[in-house]
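Chain A is fixed; fit chain B onto it per the hints.
Residues per chain, in single letters:
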Amino acid sequence: MSKVGQPEKMIINGKRIDNRSFEEFRPITAEVGVLKRAEGSAIFKFGDTYALAAVYGPRTMHPKHMQDPQKAILRCRYSMAPFSTNERIRPGVSRRSVEISKVLNEALSNVVFFEDYPKTGIDVFVEILQADASTRCAGLNAASLALTEAGIPIRDLISSCSVGKVDNQIVLDIGGDEDQFGDVDISTATIGNEDKFVLLQMDGIITKEEFHILINLARKGCAEVYEKQKNALKEKYKTGEIDVES
Amino acid sequence: MLKASENYVRKLIEEGMRIDERGFDQFRKIKIETDVIKKAEGSARVLLGNTHVLVGVKMSVNVPFPDTPDEGVLIVNAELVPVASPTFDPGPPDEESIELARIVDRGIRESNCIDLEKLCIEEGKKAWNINIDIHVLDHDGNLIDASALGAMAALLNAKIPRYEDEKVVYGEYEGKIPIKDTPIAVTVTKISNKLLIDANLEEESALDARITIATNENGDLCAIQKGGTGFFTSEELKKAADLSIEKGKELRALIK
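In the order they appear, the protein sequences are chains A and B.
So the first sequence is numbered by the working numbering: it starts at 1 and just counts up by one.
So the second sequence is numbered by the working numbering: it starts at 1 and just counts up by one.
For reference, chain A alone in the conformation it holds in the complex (with noise of 0.2 Å):
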């Protein structure tokens, strides 16, 4: 396959084009409560990959016939800022962003108590503000903290990392160039840091073996994350700062 500006190697001396080892993320920022309006909001950061997830809800669901009388409803809607990317996106939905808005809400589906509010709806927003690889990833981080922050109850977060092959290295975190010239990009998420997999999806070849060793580094993967995301709400709510008046 050839593709314009593919750049001959892709790991020279043991390091990846960004420098980093193979087992290594990019800089991870995670943030909650970032904006005022939403009931919940957070934002993840992979390197220069930026997802901004917002929450509003339960609120009575609109339109009516789509209420279930048992439970609540989440609607996810993914989608891109069309100046996240170096070729400009076409504002709108996209046949890859319903599917990505598709499997995000299946994976967050996982862990909310939906029994809790009958007839409402919970909306989870994605905003990929720049995009550098591994969205999708970070859009679930952000959005498993703005639903936290909500106040909606769930059984934990959901934590998501990429993983993948990059002239034949398996690597973690799939970044930028990567993602575009590397030839395995797998997403994945787990729920907390169980052996649990709610989100899977992989484009390119690799053999069984490879895919063994691929899962065993992705749960350390959203292992890693998870922690970065529980720090995140720590430091959101942590004690002490608060002005008490006595």
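No lab work stands behind these hints, which were simulated from the structure alone.
Keep in mind that the hints are not guaranteed to be accurate.
Listed below are the simulated DSS-like cross-link pairs for lysine-lysine, each with C-alpha atoms no more than 25 Å apart in a straight line [claimed, not checked]:
| id | chain 1 | residue 1 | chain 2 | residue 2 |
| --- | --- | --- | --- | --- |
| 1 | B | Lys126 | B | Lys194 |
| 2 | B | Lys238 | B | Lys118 |
| 3 | A | Lys230 | A | Lys220 |
| 4 | B | Lys159 | B | Lys125 |
| 5 | A | Lys234 | A | Lys36 |
| 6 | B | Lys31 | B | Lys238 |
| 7 | B | Lys58 | B | Lys239 |
| 8 | B | Lys256 | A | Lys208 |
| 9 | A | Lys208 | A | Lys220 |
| 10 | A | Lys71 | B | Lys176 |
| 11 | B | Lys239 | B | Lys194 |
| 12 | B | Lys249 | A | Lys208 |
| 13 | B | Lys176 | B | Lys118 |
| 14 | A | Lys208 | B | Lys118 |
| 15 | B | Lys126 | A | Lys220 |
| 16 | A | Lys228 | A | Lys36 |
| 17 | B | Lys238 | B | Lys38 |
| 18 | B | Lys39 | A | Lys208 |
| 19 | A | Lys102 | B | Lys194 |
| 20 | B | Lys39 | B | Lys159 |
| 21 | B | Lys118 | B | Lys180 |
| 22 | B | Lys31 | B | Lys11 |
| 23 | B | Lys38 | B | Lys167 |
| 24 | B | Lys38 | B | Lys58 |
| 25 | A | Lys208 | B | Lys176 |
| 26 | B | Lys58 | B | Lys118 |
| 27 | A | Lys208 | B | Lys194 |
| 28 | A | Lys220 | B | Lys239 |
| 29 | B | Lys238 | B | Lys58 |
| 30 | B | Lys194 | B | Lys58 |
Far from chain B, by Cβ distances over 12 Å, these chain A residues were calculated [to be verified]:
| id | residue |
| --- | --- |
| 31 | Glu87 |
| 32 | Ser101 |
| 33 | Phe114 |
| 34 | Thr120 |
| 35 | Arg219 |
Footprint (simulated), chain B over chain A, 3 or more residues, beta carbon under 8 Å [what the hints assert, rightly or not]:
| id | region |
| --- | --- |
| 36 | 188 to 196 |
| 37 | 208 to 218 |
The structure displayed is predicted, hence computed values, not measured ones.
C-beta: ideal position from N, C-alpha, C; glycine also.
Frame of chain A, contents of chain B only:
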């Protein structure tokens, strides 16, 4: 689907049985016919039990993508036409049909089974577009495997029309689409912590999670999509991969 039927399906599966008495690793009866639509460059009809899918391949000449100027273009589309089910509405494609098309697309694209470079006519200017259109005619579950199988069967018998004086001459051919591999998608469904293949519509109503794994002739994995609101453990994922490789071989033998 009625709750009662869902519970019945679960109860049976917990006892090691299926509603249509199949084994957990057994496909329904499969019937494949190719070259069923004369006007299409390639076509196939797949009957998977009562699930009925028709796939057509149409070729046209267009400008290639700027990042792959020396390659032909593959486009997969799926229509859940209202004849197939009372739950399918006419109108623009919904998330279910988009996901279906994208899963089929990924299996074919990521296996590199089409020699796309041979489909370039003039670099950066003209290349063949392969349009694979999936028409679901009768929905009785496992649309993904039926569609992916139909798409591959249609591709394998698709011919390239004659291209003369900047025009495509339909009905006259000058060769076949160059195919290097035969990827096969197999969907493994998880119900009540049991893994099974080729879920029918009633079983899909009780589905916890599903995973579609496309494998190539080498026995390698080339695309994966997990769906449904449940989860898979690492062990279940490994089992699903084994099942997909094994069952992929069976299906491949039917179309090659």
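Evaluated hints:
no.	hint	result
1	B:Lys126 with B:Lys194	violated (50 Å)
2	B:Lys238 with B:Lys118	violated (36 Å)
3	A:Lys230 with A:Lys220	holds (16 Å)
4	B:Lys159 with B:Lys125	holds (22 Å)
5	A:Lys234 with A:Lys36	holds (19 Å)
6	B:Lys31 with B:Lys238	violated (29 Å)
7	B:Lys58 with B:Lys239	violated (37 Å)
8	B:Lys256 with A:Lys208	holds (23 Å)
9	A:Lys208 with A:Lys220	holds (19 Å)
10	A:Lys71 with B:Lys176	violated (53 Å)
11	B:Lys239 with B:Lys194	holds (11 Å)
12	B:Lys249 with A:Lys208	holds (15 Å)
13	B:Lys176 with B:Lys118	holds (11 Å)
14	A:Lys208 with B:Lys118	violated (30 Å)
15	B:Lys126 with A:Lys220	violated (46 Å)
16	A:Lys228 with A:Lys36	holds (23 Å)
17	B:Lys238 with B:Lys38	violated (42 Å)
18	B:Lys39 with A:Lys208	violated (40 Å)
19	A:Lys102 with B:Lys194	holds (24 Å)
20	B:Lys39 with B:Lys159	holds (11 Å)
21	B:Lys118 with B:Lys180	holds (12 Å)
22	B:Lys31 with B:Lys11	violated (30 Å)
23	B:Lys38 with B:Lys167	holds (20 Å)
24	B:Lys38 with B:Lys58	holds (11 Å)
25	A:Lys208 with B:Lys176	violated (32 Å)
26	B:Lys58 with B:Lys118	holds (17 Å)
27	A:Lys208 with B:Lys194	holds (21 Å)
28	A:Lys220 with B:Lys239	holds (20 Å)
29	B:Lys238 with B:Lys58	violated (37 Å)
30	B:Lys194 with B:Lys58	violated (40 Å)
31	Glu87	violated (9 Å)
32	Ser101	violated (7 Å)
33	Phe114	violated (10 Å)
34	Thr120	holds (18 Å)
35	Arg219	violated (7 Å)
36	188 to 196	holds (count 4)
37	208 to 218	holds (count 5)
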